[in-house]
Amino acid sequence: MREIDVAIIGAGPSGLFAAYYAGFRGLSVALIDNLPEPGGQVTAMYPEKQIYDVGGFPSIKGRELVANLVEQAAPFRPEYLLGTRADALSYADDHPVLRLSDGEEVRCGAVIITGGMGSFKPRPLPAAETFTGTGIVFFVPHLADLAGRDVLIVGGGDSAFDWALALEPLAKSVTLVHRRDRFRAHAATVARVQDLSVRIVVNAEVAKIHGEDAVTHADIAVKGGETETIPVDTVVAALGFTADLGPLADWGLDLDKRHVKVDSTMATNLPRVFAAGDITEYPGKVRLIATGFGEAATAVNNAAVAIDPAAHLFPGHSSDNG
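Those letters in the sequence shown? Residues -19 to 302, by the working numbering.
Hints were generated in silico from the structure; no laboratory data involved.
By construction, the Cβ of each residue, glycine as well, lies at the ideal position given by its N, Cα and C atoms.
Wrong hints could be hidden among the right ones.
[As the list claims (entries may be wrong)] Label-pair ranges, simulated between beta-carbon atoms:
1) S70 - T245: 21 to 27 angstroms
2) T245 - S177: 51 to 57 angstroms
3) S70 - H190: 46 to 52 angstroms
4) S177 - A229: 41 to 47 angstroms
5) T245 - D161: 48 to 54 angstroms
6) T110 - F37: 39 to 45 angstroms
7) G264 - A171: 32 to 38 angstroms
8) D230 - G204: 44 to 50 angstroms
9) D161 - T110: 24 to 30 angstroms
10) Q30 - E109: 30 to 36 angstroms
11) R179 - R(-18): 51 to 57 angstroms
12) E44 - D236: 30 to 36 angstroms
13) G296 - D33: 25 to 31 angstroms
14) G264 - G232: 24 to 30 angstroms
[What the hints assert, rightly or not] Below are the BS3-like pairs computed for lysine-lysine, each with C-alpha atoms no more than 27 angstroms apart in a straight line:
15) K101 - K241
16) K241 - K265
17) K203 - K188
18) K237 - K265
19) K29 - K152
20) K265 - K41
21) K188 - K152
22) K101 - K188
23) K101 - K29
24) K101 - K265
25) K237 - K101
26) K101 - K41
27) K152 - K41
28) K265 - K29
29) K41 - K29
My request is simple: use the sequences and hints to build the entire structure.
Next comes the structure, spelled out in structure tokens:
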């Protein structure tokens, strides 16, 4: 059985900062995430999007923020248990024991849940259900991969228009298809995309995707009109995500819908189990990355005392160790 001081469930920004802070406190750390790389929703959904509400950064891309957080934690050598899920929680000698989806067990001094909105998966594109080749994606980790390609974006929300805005300077062509003539995206972003060379087709759906090993063409059916076939190398299905707590819902946590209730110490109702970030709920909760950073530090400091009652709640400022 793996032994660790603090197991952090969720390797998004709050989890990564918790890993740094736990390391700063001299605690060993394991980060557990179902995704194959760190960053959580930021990496999966908007790695190239600019983020404006992180202290000290007038503007920073999602990917760069994640890279900085990984670098910040690196001196303390956290373990990354990626592509695996924390399925079950039990206790042995008052210590939490996590059973992972790969069968491994982790005995912890404390657990900190930083799982954002929980497990999430993209909403499917109906036209892609019978297509077995490559070229259909739900997000774009590396914009450069689509340089010089014909890109079809499906959706009318913020993600769809963000991808259109980012890809227009790089791609050979960008076509955005939405089943309605109104968009859920921010009006200013829609206006910026409309001023570009992006072709926007409304009241339309992708009827069929063509190609054997990879996408080559797609049929676009306009309501009340004819079906048009256009060349396509990549389909970006920006139709949103569905989320749920997954196995966490069965742990006996005090929940408010998909959120975990915590007190002012970030403690849940379960012994030695804390939470931080978007997944938490308490009166006055504000869901920002910046808020999650503060909650992560609070959770780690209180977890340190739970692990060792002789430890100080506040370890001093990091600048004191410089």
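Here's how the hints hold up against the structure:
1. One distance hint, 21 to 27 angstroms for the beta-carbon pair S70 and T245, holds here, with the actual separation near 23 angstroms.
2. The hinted window of 51 to 57 angstroms between T245 and S177 holds, with their beta carbons roughly 53 angstroms apart.
3. In this structure, S70 and H190 meet the distance hint of 46 to 52 angstroms, their C-beta atoms being roughly 51 angstroms apart.
4. A hinted range of 41 to 47 angstroms for the beta carbons of S177 and A229 is consistent with their spacing of about 46 angstroms.
5. Between T245 and D161 the beta carbons are some 50 angstroms apart, a value that agrees with the proposed interval 48 to 54 angstroms.
6. Taking 39 to 45 angstroms as the suggested C-beta distance range, the pair T110 and F37 conforms, at roughly 44 angstroms.
7. Distance hint for G264 and A171: a CB-CB separation of about 34 angstroms, consistent with the stated range 32 to 38 angstroms.
8. Remark: the range hint 44 to 50 angstroms for D230 to G204 is upheld by a beta-carbon distance near 48 angstroms.
9. Taken as a hint, the range 24 to 30 angstroms holds for the pair D161 and T110, whose Cβ atoms sit roughly 28 angstroms apart.
10. The given range of 30 to 36 angstroms is respected by Q30 and E109, whose C-beta atoms sit roughly 34 angstroms from each other.
11. Remark: the range hint 51 to 57 angstroms for R179 to R(-18) is upheld by a beta-carbon distance near 52 angstroms.
12. A hinted range of 30 to 36 angstroms holds for the C-beta pair E44 and D236, which are about 33 angstroms apart.
13. One distance hint, 25 to 31 angstroms for the beta-carbon pair G296 and D33, holds here, with the actual separation near 28 angstroms.
14. Checked against the hint of 24 to 30 angstroms, the pair G264 and G232 passes, with Cβ atoms roughly 25 angstroms apart.
15. Between the alpha carbons of K101 and K241 the distance comes to roughly 23 angstroms, so the proposed pair stays at or under 27 angstroms and holds.
16. A hinted pair counts as satisfied when its Cα atoms are at most 27 angstroms apart, and K241 with K265 qualifies at roughly 10 angstroms.
17. For the proposed pair K203 and K188, the alpha carbon gap of about 15 angstroms is at most 27 angstroms, so the pair holds.
18. Between K237 and K265 the alpha-carbon distance is near 14 angstroms, which keeps this suggested pair within the 27 angstroms criterion.
19. Proposed proximity of K29 and K152 is supported: the alpha carbons are some 21 angstroms apart, at most 27 angstroms.
20. For the proposed pair K265 and K41, the alpha carbon gap of about 25 angstroms is at most 27 angstroms, so the pair holds.
21. Proximity of K188 to K152 is assessed by CA-CA distance (about 21 angstroms); at most 27 angstroms being required, the pair is judged to hold.
22. In summary, the hint linking K101 to K188 is supported, as the alpha carbons are separated by about 22 angstroms, within the 27 angstroms threshold.
23. Restraint check for K101 and K29: the C-alpha separation of about 20 angstroms stays at or below 27 angstroms, so the hint holds.
24. With a C-alpha separation of about 25 angstroms, the suggested pair K101 and K265 falls inside the 27 angstroms cut-off, and the hint holds.
25. A C-alpha spacing of about 18 angstroms is found between K237 and K101, which places the hinted pair at or below 27 angstroms, so the restraint holds.
26. Distance restraint check for K101 and K41: the Cα-Cα separation of roughly 23 angstroms lies within the 27 angstroms cut-off, and the hinted pair is therefore satisfied.
27. Proposed proximity of K152 and K41 is supported: the alpha carbons are some 23 angstroms apart, at most 27 angstroms.
28. As the CA atoms of K265 and K29 are separated by approximately 24 angstroms, the hinted pair is consistent with the 27 angstroms bound.
29. For the hint pairing K41 with K29, the CA-to-CA distance comes to about 5 angstroms; that is within 27 angstroms, so the pair holds.
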